[in-house]
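Q: Listed here are the chains, written in short residue letters.
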Amino acid sequence: MIAKNSVRRGFILPPYLLLLFPAVSFMLLMYAYPFIASFTRSLIDAQGNISFANYAKTWDLYLKDIVFTFGVTVFSTAVTGATAILLAVYLRFRQSPISRILSGLYKLPIFIPFVVVAQMMNSFLAPHGLLNIALAKLGLIDIDQPLQLFNFSGLSFGFIWKMVPFSVLIIHGGFQMIDDSYIEAARSSGARLFKVITRILIPMSKSSIMVALVLVYSQIVGTFTLPYMLIGGKSPTTITVDIAHRVNYFRDFGVANSLGVFSYFLVFFTAIYYLRSSVQKMAEVKPVEE
Amino acid sequence: MFSKRVLTVSFEIILLIFVFLLIIWPMMSLFIWSVAETWYWPSTLPQKIGFDYWKQAVGMQKSLAIGAVSIVPAFFLSLMIAVIVVVISMLIAIPAGYALAKYRIPFGAFILFLFLMPNAFPQQPIFVNLLRIFTKFGLAGTIQGVILVHILVGLVFGVWITNATFKSIPPYMEEAARSVGASKLRAFFKITLPLAAPGLLASAVFVFITSLDEFTGTFFVGLPFVNTLPMTLYSSSGYNMQFASVIAIILLIPSILFMALIQRVLKAEYVGGMG
Numbered sequence: 495m496i497a498k499n500s501v502r503r504g505f506i507l508p509p510y511l512l513l514l515f516p517a518v519s520f521m522l523l524m525y526a527y528p529f530i531a532s533f534t535r536s537l538i539d540a541q542g543n544i545s546f547a548n549y550a551k552t553w554d555l556y557l558k559d560i561v562f563t564f565g566v567t568v569f570s571t572a573v574t575g576a577t578a579i580l581l582a583v584y585l586r587f588r589q590s591p592i593s594r595i596l597s598g599l600y601k602l603p604i605f606i607p608f609v610v611v612a613q614m615m616n617s618f619l620a621p622h623g624l625l626n627i628a629l630a631k632l633g634l635i636d637i638d639q640p641l642q643l644f645n646f647s648g649l650s651f652g653f654i655w656k657m658v659p660f661s662v663l664i665i666h667g668g669f670q671m672i673d674d675s676y677i678e679a680a681r682s683s684g685a686r687l688f689k690v691i692t693r694i695l696i697p698m699s700k701s702s703i704m705v706a707l708v709l710v711y712s713q714i715v716g717t718f719t720l721p722y723m724l725i726g727g728k729s730p731t732t733i734t735v736d737i738a739h740r741v742n743y744f745r746d747f748g749v750a751n752s753l754g755v756f757s758y759f760l761v762f763f764t765a766i767y768y769l770r771s772s773v774q775k776m777a778e779v780k781p782v783e784e
Numbered sequence: 278m279f280s281k282r283v284l285t286v287s288f289e290i291i292l293l294i295f296v297f298l299l300i301i302w303p304m305m306s307l308f309i310w311s312v313a314e315t316w317y318w319p320s321t322l323p324q325k326i327g328f329d330y331w332k333q334a335v336g337m338q339k340s341l342a343i344g345a346v347s348i349v350p351a352f353f354l355s356l357m358i359a360v361i362v363v364v365i366s367m368l369i370a371i372p373a374g375y376a377l378a379k380y381r382i383p384f385g386a387f388i389l390f391l392f393l394m395p396n397a398f399p400q401q402p403i404f405v406n407l408l409r410i411f412t413k414f415g416l417a418g419t420i421q422g423v424i425l426v427h428i429l430v431g432l433v434f435g436v437w438i439t440n441a442t443f444k445s446i447p448p449y450m451e452e453a454a455r456s457v458g459a460s461k462l463r464a465f466f467k468i469t470l471p472l473a474a475p476g477l478l479a480s481a482v483f484v485f486i487t488s489l490d491e492f493t494g495t496f497f498v499g500l501p502f503v504n505t506l507p508m509t510l511y512s513s514s515g516y517n518m519q520f521a522s523v524i525a526i527i528l529l530i531p532s533i534l535f536m537a538l539i540q541r542v543l544k545a546e547y548v549g550g551m552g
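Those sequence lines, one after another, are chains A and B. Residue 751 in my numbering sits at position 257 of the first sequence; the count goes up by one each step and never skips. Residue 482 in my numbering sits at position 205 of the second sequence; the count goes up by one each step and never skips.
Misleading hints may appear alongside valid ones.
[Said to hold, decoys possible] Estimated spans, in silico, between C-beta atoms of each pair:
| id | chain 1 | residue 1 | chain 2 | residue 2 | range |
| --- | --- | --- | --- | --- | --- |
| 1 | A | Lys689 | B | Pro501 | 58 to 68 Å |
| 2 | A | Asp638 | B | Lys325 | 21 to 31 Å |
| 3 | B | Ala453 | A | Leu602 | 41 to 51 Å |
[Said to hold, decoys possible] In silico DSSO-like cross-links for lysine-lysine, where the CA-CA straight-line distance does not exceed 27 Å:
| id | chain 1 | residue 1 | chain 2 | residue 2 |
| --- | --- | --- | --- | --- |
| 4 | B | Lys461 | B | Lys444 |
| 5 | A | Lys700 | B | Lys444 |
| 6 | B | Lys281 | A | Lys689 |
These are calculated hints, taken from the structure and not from any lab test. Ideal placement from N, C-alpha and C gives every residue a C-beta, glycine not left out.
One chain only, chain A, in its complex shape:
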């Protein structure tokens, strides 16, 4: 061991520098630099001066869309979280042929890319789409007045559809880590199912639930495909769609970037939570040195 250590001291460069160099320099150039540029560019106005003109313009033109984005995100995340917890509770407690079918079936949307989900919702939720046809057949709506879903409700439906399965996967994983003995102990001392859920399952898998909610929230804020194909340029729309309009029609990188900074602010707290908990988790599992 001593000999090996003295040989290693002979190296000028530690080997990990070489191993990390390509990935880290790629990320610095292609991620860190554009990330910082989205702040600096947002402060440069059309005349090339440093000012808050882009933010003023964003505030005037897009405040409604920023509120809309926030509303859709909070609503979709809340419904996703509640639905996912209920489904995960069911899958945790019930072992039956039906629960086995369900545990395979529910995962399907996780693997479907957003661009396909967008096209799917685009045809499914259309005024003349499958949903409206079926609702009319059931007599729930008048066929001449189909539901208009290319708005808040349709967008939320699409997000929830895509995100619930993913959340169930994470939350159910957390529930599975809880030993049966805790639940049995609570049950034998007379706790009802509801109490077992609120006093044992949810508190003990708080971190999985939080990670699921945080990832769902930040993904929805940043998703472009679904709102772009579902709502497009209609008002109100999401920040991501506005950014695309700003860039494609006006080549206006100033306002596009200040919209981008607003979207960073929307995820500020969830991002900090996610980064902190992930780095902590990494620190718990200590890397093994040789």
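With chain A fixed as given, assemble chain B onto it according to the hints.
A: Same frame as chain A, now just chain B:
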């Protein structure tokens, strides 16, 4: 007790039907549209069903309908980009994942941060600025530019998955090989790499699917010249529902197939980054 069981089972059956409808029904919409040759409102199902749009898509039949072009070139372009992206991403990701797993690194937290940030913040502003930077260097609207963006999206997952894989391999395996005289490099290639192979393969498949399905980055950096499959899907979705549905199904099948194969190897968090 009997009635309680009946109640539970009927609740389960209702839940199953409900979940089944909720998941399969929107997907049915795609399949029906892809074979609907004539479908007038308010008919419940298409009046005429056939595979004309499929034939046009794979280039077996020519059509004058708007948006009904052959998607064969887009398919091969997407495939080529994805293969290049996988090769480059894995060449960069494997050393980085290994270093992060096996060495104690100064500024380690900063490097972890760098690879976690794309998950925590919206990526669209990054693509907007890359478009601006790429325009300066003549990379906007080129395949090279799109490849760089796809590597960016794939690399993060590549590094995390390879890192987790190398961490799961106990260090004494490599030590044992070295104690009988194998060099460090030899121990890596003979012991660690074969043990890591399944995880590395899963990581490569994941990067492949990510590239195949990538939309937002390609939209900003690649349009209007680089038409990958998702771009073709987008450009036909406005006026040719059938054709867009055909492409959507073509994109759907490899994603479900591959992800179903590798999902056991992956941590749930990575899977969420799809699409």
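Q: Checking against the hints above, which ones are violated?
A: none
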